[in-house]
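Number of protein chains: 4
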Amino acid sequence: MKDKINKVVLAYSGGLDTSIIAKWLQEAYDCEVVTFTADIGQGEEVEPAREKAQAMGIREIYIEDLREEFARDYVYPMFRANAIYEGEYLLGTSIARPLIAKRLVEIAEETGADAIAHGATGKGNDQVRFELNAYALNPDIKVIAPWREWDLNSREKLMAYAETHGIPIENKKGKKSPYSMDANLLHISYEGGLLEDPWNEPEESMWRWTVSPEKAPNEPVYLELAYEKGDLVGINGERMTPAQVMETLNRIGGEHGIGRTDIVENRFVGMKSRGCYETPAGTIMLKAHRAIESITLDREAAHTKDELMPRYATLIYNGFWFAPEREMLQAAIDQTQQYVTGTVRVKLYKGNVIVVGRKSPYSLFDEKIATFEDDEGAYDQKDAEGFIKLNALRLKNLAKRQR
Amino acid sequence: MKDKINKVVLAYSGGLDTSIIAKWLQEAYDCEVVTFTADIGQGEEVEPAREKAQAMGIREIYIEDLREEFARDYVYPMFRANAIYEGEYLLGTSIARPLIAKRLVEIAEETGADAIAHGATGKGNDQVRFELNAYALNPDIKVIAPWREWDLNSREKLMAYAETHGIPIENKKGKKSPYSMDANLLHISYEGGLLEDPWNEPEESMWRWTVSPEKAPNEPVYLELAYEKGDLVGINGERMTPAQVMETLNRIGGEHGIGRTDIVENRFVGMKSRGCYETPAGTIMLKAHRAIESITLDREAAHTKDELMPRYATLIYNGFWFAPEREMLQAAIDQTQQYVTGTVRVKLYKGNVIVVGRKSPYSLFDEKIATFEDDEGAYDQKDAEGFIKLNALRLKNLAKRQR
Amino acid sequence: MKDKINKVVLAYSGGLDTSIIAKWLQEAYDCEVVTFTADIGQGEEVEPAREKAQAMGIREIYIEDLREEFARDYVYPMFRANAIYEGEYLLGTSIARPLIAKRLVEIAEETGADAIAHGATGKGNDQVRFELNAYALNPDIKVIAPWREWDLNSREKLMAYAETHGIPIENKKGKKSPYSMDANLLHISYEGGLLEDPWNEPEESMWRWTVSPEKAPNEPVYLELAYEKGDLVGINGERMTPAQVMETLNRIGGEHGIGRTDIVENRFVGMKSRGCYETPAGTIMLKAHRAIESITLDREAAHTKDELMPRYATLIYNGFWFAPEREMLQAAIDQTQQYVTGTVRVKLYKGNVIVVGRKSPYSLFDEKIATFEDDEGAYDQKDAEGFIKLNALRLKNLAKRQR
Amino acid sequence: MKDKINKVVLAYSGGLDTSIIAKWLQEAYDCEVVTFTADIGQGEEVEPAREKAQAMGIREIYIEDLREEFARDYVYPMFRANAIYEGEYLLGTSIARPLIAKRLVEIAEETGADAIAHGATGKGNDQVRFELNAYALNPDIKVIAPWREWDLNSREKLMAYAETHGIPIENKKGKKSPYSMDANLLHISYEGGLLEDPWNEPEESMWRWTVSPEKAPNEPVYLELAYEKGDLVGINGERMTPAQVMETLNRIGGEHGIGRTDIVENRFVGMKSRGCYETPAGTIMLKAHRAIESITLDREAAHTKDELMPRYATLIYNGFWFAPEREMLQAAIDQTQQYVTGTVRVKLYKGNVIVVGRKSPYSLFDEKIATFEDDEGAYDQKDAEGFIKLNALRLKNLAKRQR
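Residue numbers (full-length UniProt numbering), protein chains in the order written: chain S, 1 to 403; chain V, 1 to 403; chain C, 1 to 403; chain Y, 1 to 403.
Just chain S, same shape as in the assembly (with noise of 0.2 Å):
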């Protein structure tokens, strides 16, 4: 038995899956249909959605540009966390899901409608993502996801289903990809295909937001990148939105061929699954941003950050980014943000992002300390022996019982 639903908010993107969903929705649920669709850099076209929503019956469509509100309000705090999920991950569908969420919510809300709907399957993480992020901002909402729902489980029933409603699916001859791919600003993935075996290495044609290091160019390029609180704000003296700089980093590294990941990471509803990633920026903001805390944050802050991170990390993968947890974690983060500002320069080359310098007016590099020189008594090397004794003194308290 369904719940009756009147309205449905649908996370529409013009593809074929999720204009199926769109026309199963009207007959299963016999309600009508809102479509969202957004760039959030995904890099392909949104426009061209509003007319295949109309020519199935669509009145109330939305289409918007969320490029700057993801960069700015969801990949940048998390970048200040420096998260990587389990050694490798840079996050970068997680840090997605809940953006549309919020805005399936809000027009859920804006147009009356009861329920919201998404195209993810109920073995993969984004449902769970859609949902605990949609129900954390309305809990009285109502959530269809088809794909645990119906029975058109196979690619043929799918087609077959298509074909019955007229909805048109389009003859890229030769182009289709065997891959299931997603891609925002952060980065393009890659699942199934000959990846579902964790010893076959990815074909070259997979990927397609960079070159591989063997065909990047033979020249490195430098690049100065700005920082203030933490937030990356310009490139080569350029000022730019968060937005252009992902948009900037994510060419010139994919040229470079920077930001491929192959791995085999742990899903919240308990599998383990292989991915391929490209996140060019990411990967090039994860290092910078380390480096310009490196000489403006102090030591235990930076390490405190570094135990909380994992944690961090987990719960935007497991989709808890609107959850308190989250958020005090994040007001512990943001709060030591304050003076990491400065200039980081990196060198970009096949496959490589080296660091060779940081700078900032807020450094704690203190070089008159730091110095193998003559320090003309910054530091009295004699500390350092009362310093060794009492951390000494619990372990040759230890030594003693031991005898």
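Keep in mind that a hint or two might mislead.
No copy is singled out in the list; a pair is fine if it fits within one copy or between any two copies.
[As the list claims (entries may be wrong)] Under the rule of at most 25 Å between Cα atoms (straight-line distance), these lysine-lysine pairs were calculated in the DSS-like manner:
no.: 1; residue 1: Lys-382; residue 2: Lys-157
no.: 2; residue 1: Lys-359; residue 2: Lys-2
no.: 3; residue 1: Lys-287; residue 2: Lys-215
no.: 4; residue 1: Lys-229; residue 2: Lys-359
no.: 5; residue 1: Lys-215; residue 2: Lys-2
no.: 6; residue 1: Lys-229; residue 2: Lys-347
Since the hints were derived computationally from the structure, they do not count as laboratory data.
Once you've looked at the hints, dock chains V, C and Y against the given chain S.
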């Protein structure tokens, strides 16, 4: 007033500085000096230290090859933890100190010495690492740190002392490095000189173990790395000891420009310092170990390891190897490695370590569940709804309150 | 559609609810039922369950005394961790479930059953604990949770079912508790009834194991508790088994009004619930274990334990006893207990557990150093200056920047 | 060689020891001394310090009532964290030191002094707390710790010095406590004397602020404690300032035998020490704050707080109040307290603090969901199956491998 010392065991490299220390100890403490020189893979002959020591009248001279012990009992356990300090540093110097401290203490006990001595300065981490680990093993041992005591606090005074006392100053014309260096099987490090300004890019001529990515071969090399219970035990089908593994990977990695790091780090004694490191084998081992764990380690065990890791790394960095808190974390880490067995395939190319395959007889990666294709009931997508609903319950409750 | 089940092992208390379940399983699944009844110290006879089961036609009946196994292999390891959930709850119910799950699975394997069943509701933690632990031990076992399946969702329907099916409803006139209770060697718990309003104070008549502090004797009792490697092995000079220790402390503690707790806790399934608990032995054991650790455990080992504890407690609360992350934390905890040996003296008085003395052959408390009197050089106060100076170095550096 | 000091601000209690220090500073450093005496609730008159200082020729005398500032800006933020050191200690001394250090530094700046001085010994935590916090506020301040410098290292020498220098030794015959004590609004502490053997039970005569549970009234008292955003703002309907709250609870708690603690703790300088504490208000506040959080704080926020707490407590214990890592944790903690508003009802009886009720306009406790009775669909028990199944997925996978 100095303590009365009868005999002291000195960590002796055979170089100028520790030769001066040997002489100074004899003079300042009027005591017998025992020298201890170890091969821990620094890539220099240790046998010449014998003759130099004899020339200074040393009668008890210990020269030992500790490469296997170092790799097996120190480096390998640390790599089970994926240890990395401040997101970048593979702890190459830190992990060698406990072993040196242990042998110094043991030799002191064998030779009836009442003290040990080392050549680390009063500004660095190494004094702390030597001394904490020594005290943890023998609470009654005395430690002499000449750099904290004497007044030979400039290059000129040292040279004058050497000349006065007949210590030969080798005339490696034009070869004297401007950097303070330290090397062992895991890495070679550089500090000082132009690195003291963190905005300066290191000169290419500084690096000794690796070619630059630019100079590395245009053809990648592929390696198959065999793991057993978390440890790397073979390369390309050939079984190797830990030290052999590391020597092999250092050589191949070095040829492909792998493992350079350039960072500003936070010392335990309180200041920031710039360090450059070459860690070819370690860089490959970290990537590969994470890859074999990615298919053989449970998600929550992996996440718990990730959350404990920064603390574990800091303990080693700070000199707490022989401390109970390191040992309890090691117990937790080792407990997880029972099934971390299998093979990782990596590609090395111009500075990049790229994991391209992983397989294991104990793999937890289940293609039948992970597949995007029909899984024949291995996973019931409807379970996801309940999973999400209960995970959302508290978030909904919060959202209701905020209204 | 129900799965086809041939034989199911039921966690059977002998009470009305699980008797109804036994009958319902026979009917609803047309399968054979094996009953399993365990004495884990709940304080009720288990033998009467045999006759009741026989009366329902059950042929395979398991009745076991698991008190020692429960105390030794579950409660004791947990107390090594000083585990406490949300600052208050000693995990009395949580820690019993893994053992029950383990025996259910083992009996299923012995009797050729393909499923297990339990009487926990769909709202609580216990269903999760039974099922996660069962699945962790046998991935193919099926679990039947009648409360989540049937439509007997009110007291009336249950009674009607019992009557129709000839299940005797014991007529404990006036004795039917309004509370949902659970008991074992570690505690007895109360939920429901007037507790459902967290502003209500529990009625005095609710509590069963302890007298109120008001009614406790006016004279305190002193106990000497002997510890070996973290475990309590004797009381007042008499060596005891774990179960004997707990029974003794429950009796004496109960007489002195020890161990009542009244809290609102957060369930794993997402809601808050009110629970009252009586845990006399556990309350004493927690205090005493901390006390013996206070003189025998190293500071940093103790602090690391304290930081890991909340997670460890949550794992047990949530049902992850037989999970690798609990096992790795246990390895760390157990590793620290080698010298946690000695004697603690406690005073029990009207609800108070007061530690009044601790001693150990392995004590790290060093009167010679700690003394306010002259320590004859055991500690050099001048060491403190260097210790403070180097700990302050980064703070001074920060302060300079802020100026 | 002593530094040249022109003027020093001394933390001056008016007692014998700090009077000797005042005199000694004048002599040893030939410098001007400014005295600073604060009322932080220690329960002794501070005004008499004026006359004593004047008698020694002190011209700049600061006497201040800091009780409200202490309670509001130090104690209250700490209690938001439920801070407790090593499971037992409520940090009464630790939390007062940063405020004293802050005023010393400020007065030094006001009076043009170049140094501060305190009367803490070289063995304890307080020297560290004074000095780290002072350096964190003024990196150029000098600190004089006479106990680490002078040779007045026995009671006899001190008395002789006092006599020689005309410092009056008050003749409180028979009243000289054998204990080293420290008191403020939060607690009074005892160290030394017979406590130096941790097997000794404290004498009843030692305790000053509380009656023993045995001597407490036979009738309990009930209190209603009003919380706003995590802070206790009223008692029994009467709004109070933080200091008033603490004075009231100290008085009532003390009458009912609340808040005695007797522990062996680990000092930052490396040794274990025995301490006894009376903390009546704090003991009530910790219990009550946890209780109001139990109904108003989200589960994961609460658990994250619990996991961060031991580190937070250790930071305060060790003297890192004005350190960035404490501040970042405080930001996280404070972020969670927005809705921690409501009323807690406690019963005090002979040493017991018993929470008997909690209510809040922002309660997250939902009787409709939590009830054991029919919840009319507020919670769908079938959701639990999917929740458990997906939580079990990885555990099943592990179990399959082990077979």
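Tested hints:
no., hint, in the structure
1, Lys-382 with Lys-157, "between (78 Å within a copy, 19 Å between copies)"
2, Lys-359 with Lys-2, "neither (60 Å within a copy, 38 Å between copies)"
3, Lys-287 with Lys-215, "both (23 Å within a copy, 23 Å between copies)"
4, Lys-229 with Lys-359, "within (14 Å within a copy, 41 Å between copies)"
5, Lys-215 with Lys-2, "neither (53 Å within a copy, 58 Å between copies)"
6, Lys-229 with Lys-347, "within (23 Å within a copy, 38 Å between copies)"
The structure is inconsistent with the numbered hints 2, 5, although it conforms to all the rest.
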